[in-house]
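Construct the complete structure from the given sequences, taking the supplied hints into account.
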Amino acid sequence: DIMMTQSPDSLAVSLGERATITCKSSQSVLYSSNNYNYIAWYQQKPGQPPKLLIYWASIRESGVPDRFSGSGSETDFTLTISSLQAEDVAVYYCQQYYYTPWTFGQGTNVEIK
Amino acid sequence: EVQLVESGGALVQPGGSLRLSCSASGFTFSAHNMHWVRQAPGKGLEYLFGISPNGRDTFYAGSVRGRFAISRDDSKSTLYLQMSSLRTDDTAVYYCVKEGGTHMFYWGQGTLITVSS
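Same order as they appear, the protein sequences are chains E and V. Throughout the first sequence, residue numbering follows my numbering, covering 82 to 194 in sequence. Throughout the second sequence, residue numbering follows my numbering, covering 1206 to 1322 in sequence.
Please note that a few of the clues may not be correct.
Claimed, not checked - Just the calculated beta-carbon pair ranges, DEER-fashion:
no.	chain 1	residue 1	chain 2	residue 2	range
1	V	1218	E	84	28 to 36 Å
2	E	159	V	1246	26 to 34 Å
3	E	143	V	1221	34 to 42 Å
4	V	1235	E	129	27 to 35 Å
5	V	1263	E	194	42 to 50 Å
6	V	1260	E	84	25 to 33 Å
Calculated directly from the structure, the hints in this document are not laboratory data. Heads up, the beta-carbon is just placed ideally off N, CA and C, and yes, glycines get one too.
Take a look at the structure:
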């Protein structure tokens, strides 16, 4: 199975500052035929299901604020929150869907400093 | 509007069995791969199973193979997870997930299984 490793495990950022989470996959998730990276990012708040933020590594889901952005290719990916807001406090997960079984990073807990 | 509603969660004894259902609406259920993912209390996300339209193909993770099985009834727009030989470490919230379409991935609210004596 593909292993997904996120860093850091926990992150404290001041309101209005940038938050950056990285995700590394143990194998490339870039499909050469379509040049898509099969990576998604989720936000999860307590008692709620994961909410899709980003798919194809950089495509923002409809309704997601533009302060959230995704980048990267092959094995190295980044989720950036450009200006942290109070409502962004949550756990964030990356997911690869290139291979079955899907695998997820261990999660990054983002809080306010 | 897309809706996925999981049901069947319960408190069950170790060794017991349970069937979860995920009732879908707001999209053409028969056209989509569907999946089950679980999350143990305070833990991360764990993929369990996927199934293609018509149930032609199934995708699974090794951790529950042989004890759990996925199926679907496209005529009822319902996804199922049959669980047997339940263990205490199967305690989790179980989510059904739709793949593709208007939303790349759409998750239900989840249903809680507690395995305890």
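Tested hints:
1. V:1218 with E:84: 28 to 36 Å: Taking Cβ atoms as reference, residue 1218 of chain V and residue 84 of chain E lie about 34 Å apart, which means the hint holds.
2. E:159 with V:1246: 26 to 34 Å: The hinted range 26 to 34 Å holds for residue 159 of chain E and residue 1246 of chain V, with Cβ atoms some 29 Å apart.
3. E:143 with V:1221: 34 to 42 Å: Because 41 Å falls inside the window, the suggested range holds.
4. V:1235 with E:129: 27 to 35 Å: At roughly 28 Å between Cβ atoms, residue 129 of chain E and residue 1235 of chain V fall inside 27 to 35 Å, so the hint holds.
5. V:1263 with E:194: 42 to 50 Å: holds, 45 Å
6. V:1260 with E:84: 25 to 33 Å: holds, 29 Å
Of the numbered hints given earlier, the model fails none.
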